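Peer 1: Put together the whole structure using the sequences plus the hints.
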Amino acid sequence: MDSVMLARSLFGSSMAFHIIFATLGVGLPFMIVMAEIVYQIKKDRDYAIMAKRWTKCQAILLGVGIPSGTMVGVMLSLLWPGFMEIVGQVIALPFQIEIWAFLLEALFMSIYVYAADRLPPALRIASVTFVALGASASAVLITDAHAWMNTPQGFRLENGKVVDIDPWAAVFNPSLPTTATHVLVSAYVLGAFAVVSVAAAKLLGRKRPERERQYHRKGLVLSLAIGGVMSLLTALNGHETAQMLHHYQPEKLAAAEGLFETQAFAPLAIGGFTDKESRTIRGAIEIPWALSFLAGNRFDTVVKGLNDFPVEEWPPLFVHTLFNLMVGIGSLLILVSIGSLVFRFVKKKEFPRWLLGGLICTGPLALIGIETGWIFSCTGRQPWTIYHIQSTASAATQSENLGILFVLFIGLFVFMLVVTALVLRYHFRRHPVTPEMLEAG
Amino acid sequence: MHDSTIAISILWGFLFIYSIMGSIDFGAGFWSMVFSKKNPQAASLANRFLSPSWEVTNVFLVLLVVALVGFFPRAAYLLGTLLLVPVSLVLVLLLFRSSFMVYAYSVQRKVRSLRLVSGITGVLIPGLLVSVLPITLGGFIHSEGGYPQLRYAELLASPSLYAYLGFGIATELFLSALFLSDFSRQAGDESTYRHYRTLAVYAGPLAMLLAVVATFTMNEEARWMVNRMREQGGWFMLSAAAFLAGYVSLWIKRKGRLGWPRLAFIFVVIQFALASYAYGKAHMPYIVYPYLTVDEGITNHPMFISLLWGYAVGTVILLPVFVLFWWLFLKDKRYLQAE
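Note that the protein sequences, when read in sequence, are chains A and B.
Under my numbering, the residues of the first sequence are numbered 121 to 561, in order.
Under my numbering, the residues of the second sequence are numbered -9 to 329, in order.
One or more hints might be untrue.
In silico lysine to aspartate or glutamate, EDC-like type, Cα no more than 20 Å apart, as pairs [stated by the list, open to error]:
{"#": "1", "chain 1": "B", "residue 1": "K323", "chain 2": "A", "residue 2": "E520"}
{"#": "2", "chain 1": "A", "residue 1": "K281", "chain 2": "B", "residue 2": "D285"}
{"#": "3", "chain 1": "A", "residue 1": "K322", "chain 2": "A", "residue 2": "E556"}
{"#": "4", "chain 1": "A", "residue 1": "K338", "chain 2": "A", "residue 2": "E556"}
{"#": "5", "chain 1": "A", "residue 1": "K281", "chain 2": "B", "residue 2": "E286"}
{"#": "6", "chain 1": "A", "residue 1": "K176", "chain 2": "A", "residue 2": "E433"}
{"#": "7", "chain 1": "B", "residue 1": "K321", "chain 2": "A", "residue 2": "D237"}
{"#": "8", "chain 1": "A", "residue 1": "K163", "chain 2": "A", "residue 2": "E559"}
{"#": "9", "chain 1": "A", "residue 1": "K172", "chain 2": "A", "residue 2": "E556"}
{"#": "10", "chain 1": "A", "residue 1": "K396", "chain 2": "A", "residue 2": "E433"}
{"#": "11", "chain 1": "B", "residue 1": "K271", "chain 2": "B", "residue 2": "E286"}
{"#": "12", "chain 1": "A", "residue 1": "K338", "chain 2": "A", "residue 2": "E559"}
Covered by chain B, per the in silico footprint, the following chain A stretches (three or more residues, Cβ under 8 Å) [said to hold, decoys possible]:
{"#": "13", "region": "175 to 186"}
{"#": "14", "region": "284 to 295"}
{"#": "15", "region": "346 to 357"}
No lab work stands behind these hints, which were simulated from the structure alone.
Small disclaimer: the values here were computed from a predicted structure and weren't measured.
Positions of the beta carbon are idealized from the N, C-alpha and C atoms, including for glycine.
Peer 2: Pasting the structure below:
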């Protein structure tokens, strides 16, 4: 591998690792706030216990998420010095404001965890709301930098020098609203389905007392409802995101859909593989006219194909598969959550075991959806780091020694994932929910 | 004033705040490891400070990096290229340190080995961060084909590196011991107070000694810096005086109790402020000698103004939260004296 490829691999795997913790770190606080609110409405202690246990889980995840976030933040400067030089001059604001959001989250997290018993209930709910708010704001602000990479504005590049800088124009770049919403609601999807998975697994266990099953059933229903709403919102917003791509990054949309010929009445290709040599897509199910409709709300919308762009500016064609995975998982989650709730409340039946078995998979699936979404968005922008302005090669570091670092970090990430999983498992085994419920009366 | 002067002053402010907070944070982690068996009360006191505060301290590290990139994007370029390996090492240590500390809170088994990992990795981080300083003095950088590269062999063979490393660790231990003695006095725990006071009494002179040693070892690679530091002799003298005043405060008898740790800590913070101001002044105008000055590294004017607004508004909004935080975890007796 050359050093650019190594820099990409190192940064990509660090991000993939951090995204797990970062996304859960946005999704879980939202769930905690929801549980606290339901507790206040229903006055049912079980929801307070949920909030407490999820907070413990969040605290453990933060132990990894905070340093890994620090890591990718610093790595940006280490691995992409050329990129950061432009970032510093044009889009430094969201990074800076994010620090305040991050501080808000950190301060109130400690207040919520270590001072809850000394606070009046209103301030307790306020503090956890600020945690969720800080986490969500951080996500929006960091996504802003990502959105700006896709739709850069607020400056011009003249002979390699950055001129005509308007920092706020860079912040409010055209793809910010759709992209930030997408990241946010999909993080809530993950938070919800992570809970769905755990609750379903607990309900599958045969030996649990009925009181404990009640607790998990409440958690399952709450998270299914939130997960269903959020995944529906993600899909609606995903549609807007596709239209944004059609408008601003047509080659990315073309690669996502495996479309080579520019055409009106373009078909939507699901599955299959794009073949660079023959410039066709093979083995895909094509829905006539659908892509044109998605891109412009009209069947005669002309969608640009890859043939209109020079081959050296094509994104890698495997992004089609990533895109399919993301959309497929998102759609599946909508169906599963709505289906399960209909089963429970319209047909008034218990969750059957086969359904619980399926529900266990939703959390990991949601995570895969988020990972593939990020990889799609970043790989689909290649060969550019800043779309049509800075190539990835000129953004990367000139340093050597990347190979050793890459191996070291991969080992580290695997180790951390295993240890964190063990710690979570150990902690919640030692602190089962039943005694906590008895204690609460 | 020039944009670059204001920007480097703000950056210096963040660096100063983080050097104090970070030293206390990593030092407290180290003490909690050392005393987990021999003096559980001292260890639990350190943890009582650490558990709510480590996240906040960590944010200040990120703040430092973000402020550097924001105000001095070209410095980010140069430092990023030069410091790839040492900073990556710090990041790995940081990941181990924070996660294992949280694991130790959550798992009742094997607490000691988890603490061992977080304590040892933690104690090394400030040392490594401080050892970035000799690199910015330019002695180990060589331009190859237009790209400055760090000569690791030279760096590793240099006594200067180890002097800075030792200085970083000694100050960390001194500051944290001093802070924890004040914290235990606040908590009304006199025996723990005496324990940390003794540690501060030993670590203080050691830190001062290593500071002097670090300065003299620079003679070889960075004579320019030593000369410049001599010009700032007055400030360094004041700083030494503040250290003495702080050190003496540990022997003042007050209300029948030995030492006035709050006063000592304030004096030592003043000492660090004076010394780091003088060091920074001697370093000016170079960010990395002689490759980059603050004027070459500074960002454009519109961005600079927006950043200033951002920092001002953010500080004003968060100030009440900081006060609340301080009251809950550093003042409220119900927290300090909880069993």
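Peer 1: If a hint holds in the structure, say so; if it does not, say that too.
Peer 2: Status of the hints after comparison with the structure:
| no. | hint | result |
| --- | --- | --- |
| 1 | B:K323 / A:E520 | 53 Å, violated |
| 2 | A:K281 / B:D285 | 16 Å, holds |
| 3 | A:K322 / A:E556 | 16 Å, holds |
| 4 | A:K338 / A:E556 | 16 Å, holds |
| 5 | A:K281 / B:E286 | 13 Å, holds |
| 6 | A:K176 / A:E433 | 47 Å, violated |
| 7 | B:K321 / A:D237 | 16 Å, holds |
| 8 | A:K163 / A:E559 | 16 Å, holds |
| 9 | A:K172 / A:E556 | 10 Å, holds |
| 10 | A:K396 / A:E433 | 13 Å, holds |
| 11 | B:K271 / B:E286 | 17 Å, holds |
| 12 | A:K338 / A:E559 | 19 Å, holds |
| 13 | 175 to 186 | holds (count 7) |
| 14 | 284 to 295 | holds (count 4) |
| 15 | 346 to 357 | violated (count 0) |
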